[in-house]
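Undergrad: Spelled out from the first residue to the last, the chains are:
There are 4 protein chains.
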Amino acid sequence: MTASIADLANSYKNIRLHSVSICEPLEIEDYVVQPIGDVSPPKWHLGHTTWFFETFILIPHSPGYVVFDKQYNFVFNSYYETVGNRVIRTDRGNLSRPSVADVYRYREYVDNYLLDFLASHAVSTEVKTLLELGLNHEQQHQELLLTDIKYILGHNPLFPAYSNQVAEEAALGNADWLSFSEGVYEIGFEGEGFCFDNELNRHKVYLNDFEISNSLVSNAAYLEFMQDGGYEDFRHWHAEGWDWVNQNKAKAPLYWHLIENEWMQYSWNGLQKLRPEQALCHINYYEASAFASWKGMRLPTEAEWEVASGSFQWGSRWEWTGSAYLPYPGFKKVAGAVGEYNGKFMVSQHVLRGASVATPEGHSRNTYRNFFHPKLQWQFTGIRLAK
Amino acid sequence: MTASIADLANSYKNIRLHSVSICEPLEIEDYVVQPIGDVSPPKWHLGHTTWFFETFILIPHSPGYVVFDKQYNFVFNSYYETVGNRVIRTDRGNLSRPSVADVYRYREYVDNYLLDFLASHAVSTEVKTLLELGLNHEQQHQELLLTDIKYILGHNPLFPAYSNQVAEEAALGNADWLSFSEGVYEIGFEGEGFCFDNELNRHKVYLNDFEISNSLVSNAAYLEFMQDGGYEDFRHWHAEGWDWVNQNKAKAPLYWHLIENEWMQYSWNGLQKLRPEQALCHINYYEASAFASWKGMRLPTEAEWEVASGSFQWGSRWEWTGSAYLPYPGFKKVAGAVGEYNGKFMVSQHVLRGASVATPEGHSRNTYRNFFHPKLQWQFTGIRLAK
Amino acid sequence: MTASIADLANSYKNIRLHSVSICEPLEIEDYVVQPIGDVSPPKWHLGHTTWFFETFILIPHSPGYVVFDKQYNFVFNSYYETVGNRVIRTDRGNLSRPSVADVYRYREYVDNYLLDFLASHAVSTEVKTLLELGLNHEQQHQELLLTDIKYILGHNPLFPAYSNQVAEEAALGNADWLSFSEGVYEIGFEGEGFCFDNELNRHKVYLNDFEISNSLVSNAAYLEFMQDGGYEDFRHWHAEGWDWVNQNKAKAPLYWHLIENEWMQYSWNGLQKLRPEQALCHINYYEASAFASWKGMRLPTEAEWEVASGSFQWGSRWEWTGSAYLPYPGFKKVAGAVGEYNGKFMVSQHVLRGASVATPEGHSRNTYRNFFHPKLQWQFTGIRLAK
Amino acid sequence: MTASIADLANSYKNIRLHSVSICEPLEIEDYVVQPIGDVSPPKWHLGHTTWFFETFILIPHSPGYVVFDKQYNFVFNSYYETVGNRVIRTDRGNLSRPSVADVYRYREYVDNYLLDFLASHAVSTEVKTLLELGLNHEQQHQELLLTDIKYILGHNPLFPAYSNQVAEEAALGNADWLSFSEGVYEIGFEGEGFCFDNELNRHKVYLNDFEISNSLVSNAAYLEFMQDGGYEDFRHWHAEGWDWVNQNKAKAPLYWHLIENEWMQYSWNGLQKLRPEQALCHINYYEASAFASWKGMRLPTEAEWEVASGSFQWGSRWEWTGSAYLPYPGFKKVAGAVGEYNGKFMVSQHVLRGASVATPEGHSRNTYRNFFHPKLQWQFTGIRLAK
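Residue numbers (UniProt numbering), protein chains in the order written: chain Z, 1 to 387; chain G, 1 to 387; chain C, 1 to 387; chain B, 1 to 387.
Some clues are possibly wrong.
With a cut-off of at most 20 Å between alpha-carbon atoms, the simulated EDC-like pairs for lysine to aspartate or glutamate come out as follows [what the hints assert, rightly or not]:
id, chain 1, residue 1, chain 2, residue 2
1, C, 204, G, 209
2, G, 204, C, 209
3, G, 375, C, 243
Cβ-to-Cβ under 7 Å is the rule here; a few derived chain G residues that face chain C [as the list claims (entries may be wrong)]:
id, residue
4, 81
5, 204
6, 234
7, 324
8, 344
9, 345
10, 348
Everything labelled a hint here was simulated from the structure, so no lab data went into it. C-beta: ideal position from N, C-alpha, C; glycine also.
Please work from the sequences and hints to get the whole structure.
TA: What follows is the structure in structure tokens.
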């Protein structure tokens, strides 16, 4: 932790501004809705990230700080049991108040206080650490804002575009196999900068010989799987995945629509023809595994991915790995509320590696462990094969 | 049907304006949310009532009419199977678009067209009938707007007030019993004005001797029932009602909150102390029946209510009757889509009579048959006893 | 209540024996299962009817009576809140114990005690009344035994027959219309024998002119409705019924199977070709109403049915009426647990009149009010049209 | 695969007989019920294991074999999509037929055929492999029979004992820590005998220094956790586990009952006082993890467990590990239906190692990978701590 206060204050301003700029194209109505439980209303993200700084920095560390509104702890707490009761997750879209204007006032209020606080106090290492965590937390919510906005607009029968200033496409080079030899490798974070607790400890793993593709799977390749009856053949699927296919009548990735016999794809730019040569997006772990099985291959483990990651390009899609999300050897929860950040989710989730077109700049590294439930498709997820 | 075109056009303008004025105190966010399936977002009500005029009058009867937006039929159809697919009811609150501004533009577009149409064409009796139905339909949605807005704001943890320009209170006079002798009576609509199909035919019924209260049940009387253990004693409840009590841990009417040992009630004016002398509100049929049973009395039938209605004041609360919602002798569905208006709901509902503080002026009569499922509390409902 | 003790004891023996004889063709396994919540395991019916006599007669009225097993109150109470906790209804099929042999021992124990009690005590009018109620209660469960056994065997993939000693068929004569003139009529029970509380008070009703068929609807007539697209045309259905059709993909009455393009029907005698000329069976209220609507007619009210019942044959099918199940004028619940018998179900149910091939001899009269939820098909239900 | 035909035939007879002997204490009714979806009726286990031999050996490999009953494939297929439609899992307890006697006849029929087949044919290696798999499969169902019988009787309000000839208790020695040094180890099956596909390939893993207890956790130790508020303190639980606690109001292991302030435990021998010194049983993964967290320790990984397993006693409880159930390096599914045996469950499950008091003799080894969903408690599960 060597960042200067001035640097931290600067980061704070830039990162906080970026959240606002993501929401700039929205109508007020778009800030409010929650079409499924996993998607939060944009105004909730804006409030919740602000609440994080207020709750973990200003209230405990800035004497005399007056909370903006006592009810906001109830409204904007996400899952911190330590910090008290909260609106249940699926009710976030039922709240018309606080209004969007109120939430922006809340952001401004906390920002002013926090920047004043940084300017006028001797800031402890503990606070610096919390600040860095809060900024990384806000960056995670920037990615969620972009995925949730896509879901909200992409599930509206009018299919409004989000923006033409951003693009989801990811061109793919020629696919090739990279080979790695068996032996002891090290994975996990090391060095000076920020990392999440789940990236520690750096530790040794034993890997067998493996090959990994230098390229992601394309829409065209996935179409081939579909046309070969991939969604109708149970042999490629986990039992749980096959149940998911049948219950949801799944036939294609999320956001794909067969309209007058042509595959269309909804993106931030609206509904457009599917571009076969681009990287596949929005498949869940069941689909990624089924595709790999159909190819007679498999997904890489997260250790394989990390070891190989220097040899290929990554960052446009979160890549499903075959690894369940579990603690590394020597993993320790931090004491207090921020200890709830990662550890309590270490069951029934799969690890994704890399980053995506929705990940903010400066928020990715090859030791980053993203994780989601195997059934979820709404993140910008893709497939890299191994064998 | 004797109203002149000029009168109808005038009614049209006034009634359409009244819907807009109901929404005047709202924030844009308040137009969007749907906390439970029975509550629709205010912008949906505004769009749906407009869609009714567009679909049943302008499209079939105004040659050359260009629909405002082809997708709106999908978005704003409520339950008319005849008219095609529609957004499922519980998804209304998941739609951020059309925006509130779009909906107001839609209203203006349809209003201009329709008033032009009325001014420039020989208007058939069929269209007059549809127009009158559309206006009564809009008035029903004005009441729903007021009940739904109350639910949206009253279930927000911040308890924002809707307006101080309107009041829900209903003072009660001295309670007394009115006696009626057994014999043949007539009920159902007769005369020249508008009525819904479910108020026909006027027909004879045989009533036994009965007594009916000239006054509604007060908050104080209901508190007595609660304090006597009314919600804990299965003997007063229907089996289905007792299940409802237990599943919902019901302990009081909707909008009542016990805060620091004091009963508070949320109303359009915000959260305030309960006023015991006022008329009880927001109980469902199970609660109304249980209260009556606890008193050793019963609810009146709809025929008793109608026969007696000239002898007491009514109009502040919809009054649960002991009658199921069934067709009158000789009831006939109209042909076509508007035939779906009432008849298809004639199972598993109970009749409410009277009107409420949310009912628009000019939209009540003593033959009006309102109906809801026995479990619903969110309307402005009350109790009148009989024996 | 004029039956002598000897007559009552005799009735007791015969009725109790009849329940046992109904179960005679069963395998032990058939006594145990509960494929849906509405169907109870046969051994539960045998235990529950025994519990009724033990609980309401022997325990309170026979000094020194020792209960057979203290746990049985928990196991065999159906819905009497007054009498304490009970196994939840949908768990009845999860209990392998008490075994079938235990239940028969329980029956024998209670029968011996009760017959001794009748023989050796001065039996009060109260006890006589309870005994008569208990016998009528057992007869109701004899009908349920036959409907539930049919469901258990008829939903087994092996389609085992129940018995060839009984038949469900009901031949139909020539259909004709019977006309009745408007005026005041009386309905409800009067006279000396037994009736349920819900058949009282006998009271006057006003009926309009009506016509009612002297015959039930045949399988052939219903097939015509199906072939005319009856299950695909929402216009004939209540909104709630249309939801039921779609959620259940309903296409035909219960127990009808289209096998190699031929309609088969499961009956007590096994799976056989549908016989078109026989009376239709196993439709719910939604289906009965939809059929009547398709014919341009309606179902009779329960008052019309009762007034006309002397002019036609009835008794092979429970006939859905258009009347909701509500209290008659002057209806009073009995005090104590048996007061829970009927009144608490008077919401959200429809009345059926007549009797069925499953009704035991001596248990039908034209004032009998049977009632079920509109969605239920598993009783032996049929349709009689009115207009 | 070196077993002789005579040995195999002998094993077949003994193993098949053992399944029957497990059911010997049951009443016929106990064979039928299915109180929760995870528990299958005993007669289903007896039929299903028979169906396995019929379907995978007799039908494809014994020319002229006549199936016992064509419908049984529908009734007794568990989850093999390859082999056609089947009764949905939660409906197994709704089937009274085939009767228990039918199922025993089915067993006898298949046993006779299969033993004849073995005696009179040159048996291929493929068939030998299938036979060995079928016998191991039957042994797995022997364990399930014992866990399911316990559930069926232990959830009956009469709490009948299963048998006094078997005992669940497991005495514990003095607890001590065993230390292992970091380095490369090998795990997975090697050698000549039978193993499941999921135990392959044997492969190298890198382990860090670790300590593992030589003893299981006792009832007394778990009681301490409970009395220290373990079920009320979210900090020890996974988020998913905490939801489970709250939704199920979990307060103790399965089969523990607090009766008149004393902890009782239901076992095969009936309801008895809890014995604190015995090994804990019937906790799920959430509970095991929460207990470990409360102790400031963790569960071992499956690799640690296997490496250390030579140094401690195991076999009385299935021991939850911290490892998700995933394929080993080089894992391959077998072609055809038996390829569905293990691989398709490799998501959302946790690995358990060891064996239990319900595991049949000769069916355990230290490379065996058992797996269940983290929420399940009904197996004979226990806890061994690591750090």
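Undergrad: Sort out which numbered hints this structure fails and list those numbers smallest first.
TA: none
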